[in-house]
Amino acid sequence: MTATRTPPVTVHAGDLAREGGWAARLRVPCLYLFAVLPLMLLVTRVGAEIIVAVIGLSFLAVIFARRRWDVFATPLVAVPIAIWIFLMAVNTPLAWWDAPSVLGRTAPWLRFFCLFGAVVFWLFADERDFRRIAIAWGATVGFVIVDGFVQGVFGTSLSGHTLFKVERLTGPLDRPNIGRFVTFLFYPGLAAFLLFGERRLDRGRIALLAVATAAAVAYTVFTGERAAMVLNLATFTVATVVLILVVPRFRLAGMLGILLVLAIAATTVILSARLQMRVEPTLAVFRDFWDSEYGELMRAAITVWQVQPWAGVGLGNFDMVCEAWEPELLYGCLRHPHNIYLEWLAEGGIVGLGGFVAFIGVVLALVFGMLRLRRERPALTALVVACPVLTFLPFVPSQSFFSNWPAILWWASLAMTCAVAFHARYRVPEEVR
742 MTATRTPPVT VHAGDLAREG GWAARLRVPC LYLFAVLPLM LLVTRVGAEI IVAVIGLSFL
802 AVIFARRRWD VFATPLVAVP IAIWIFLMAV NTPLAWWDAP SVLGRTAPWL RFFCLFGAVV
862 FWLFADERDF RRIAIAWGAT VGFVIVDGFV QGVFGTSLSG HTLFKVERLT GPLDRPNIGR
922 FVTFLFYPGL AAFLLFGERR LDRGRIALLA VATAAAVAYT VFTGERAAMV LNLATFTVAT
982 VVLILVVPRF RLAGMLGILL VLAIAATTVI LSARLQMRVE PTLAVFRDFW DSEYGELMRA
1042 AITVWQVQPW AGVGLGNFDM VCEAWEPELL YGCLRHPHNI YLEWLAEGGI VGLGGFVAFI
1102 GVVLALVFGM LRLRRERPAL TALVVACPVL TFLPFVPSQS FFSNWPAILW WASLAMTCAV
1162 AFHARYRVPE EVR
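Counting in the numbering used here, the final residue of the sequence shown is number 1174, and the numbers go up one at a time with none missing.
Note that these hints are calculated values from the structure, not bench results. C-beta atoms are modelled at their ideal positions from N, C-alpha and C, and glycine is treated no differently. Take these hints with a grain of salt, some might be off.
[As the list claims (entries may be wrong)] For each label pair, taking beta carbons as the anchor points, the in silico distance ranges come out as:
(1) Trp838 <-> Arg992: 50 to 58 Å
(2) Ala975 <-> Phe895: 25 to 33 Å
(3) Ile1091 <-> Leu1003: 36 to 44 Å
(4) Met1018 <-> Ile826: 42 to 50 Å
(5) Val982 <-> Tyr1072: 33 to 41 Å
(6) Gly901 <-> Ser1144: 18 to 26 Å
(7) Arg872 <-> Val1026: 39 to 47 Å
(8) Leu942 <-> Met1018: 39 to 47 Å
Given these sequences and hints, build the entire structure.
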């Protein structure tokens, strides 16, 4: 009779990175697939979907083959699975419209949880793996920034794309989401770099990081994406404030850094007539928010939620219910309410939103646990604590949480942040050779 495999006592619950044999050999190509996932998002969504599926299925294969049921018991995996079960067992059957289509959207959503779990618990065995991701993601983001600046200056990017409605950059994409793309990847990628590189920081490397951060901020503002700009500036500000709190001697440098970043953002707007065209419409939204398109969407989301408050109207049904209950909207019913919390409330109901909030709590518990390392790893701690701003900041317009391309970007960004936090907290740091 074969003995049940027992993980070593030094391995944290759910940690699969130390599994040997074929599981270790399978882990390496999956790591490289994750490294090129952002590039695939630029080139072909189908390729990105294939990568997500391969990594997720490989992760499940290791769990079942090695009988590592402890993975399912970890809150970072258990809570998302519980949410998915609710969506399948309750939300979908009670969908307000077209339950079969809702099922087609809900069932494959499990792949994002599997990607998230694989990245956090399996793909990264040591700090060298984080270095590989930092290099790959950094190269991708660097190309996007150069490509976008060329597009903004000359009207056409190196990849052959033109401006979107004259006002917004697309970079290598055919739609104006490239600022969010850069912001979501830059800060978690920087955290991966600090995981192996913080102990080796010298003046030259610090200067290089400062230039990279300034370029990312300037580029995000230059894209004309207001939400991406807010997320970028908010993440940088939170990281700097946390660094000041954990290392008071950085107070002056931190405050100067915040002022410098704000100056970069303001200068970018001042020097661009294209961006100045966005200022007045933005101010108009703030002056009369409730009568703006965003205010109308918020009211519509509340109306849709009230149709089936507990179970939700079903994933992807927001526009159908909105058109039935709010046919006279000035700006019309869009496909989603452009806010992930309102989207969860309307389509997932109170139970779905409650599950999502519980997942946020689990993530924040892992991330805030980095504060225990604030003396040994101050810069890494500050950045990791700030990174959830990218994915969880409320009251910022967002893409649909349940749409494939934005979802891959969202889960990859959050997974990278959590993987860094998990490795720093629960695995013995290894010297990078």
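Violated hints - listed by number, lowest first: none
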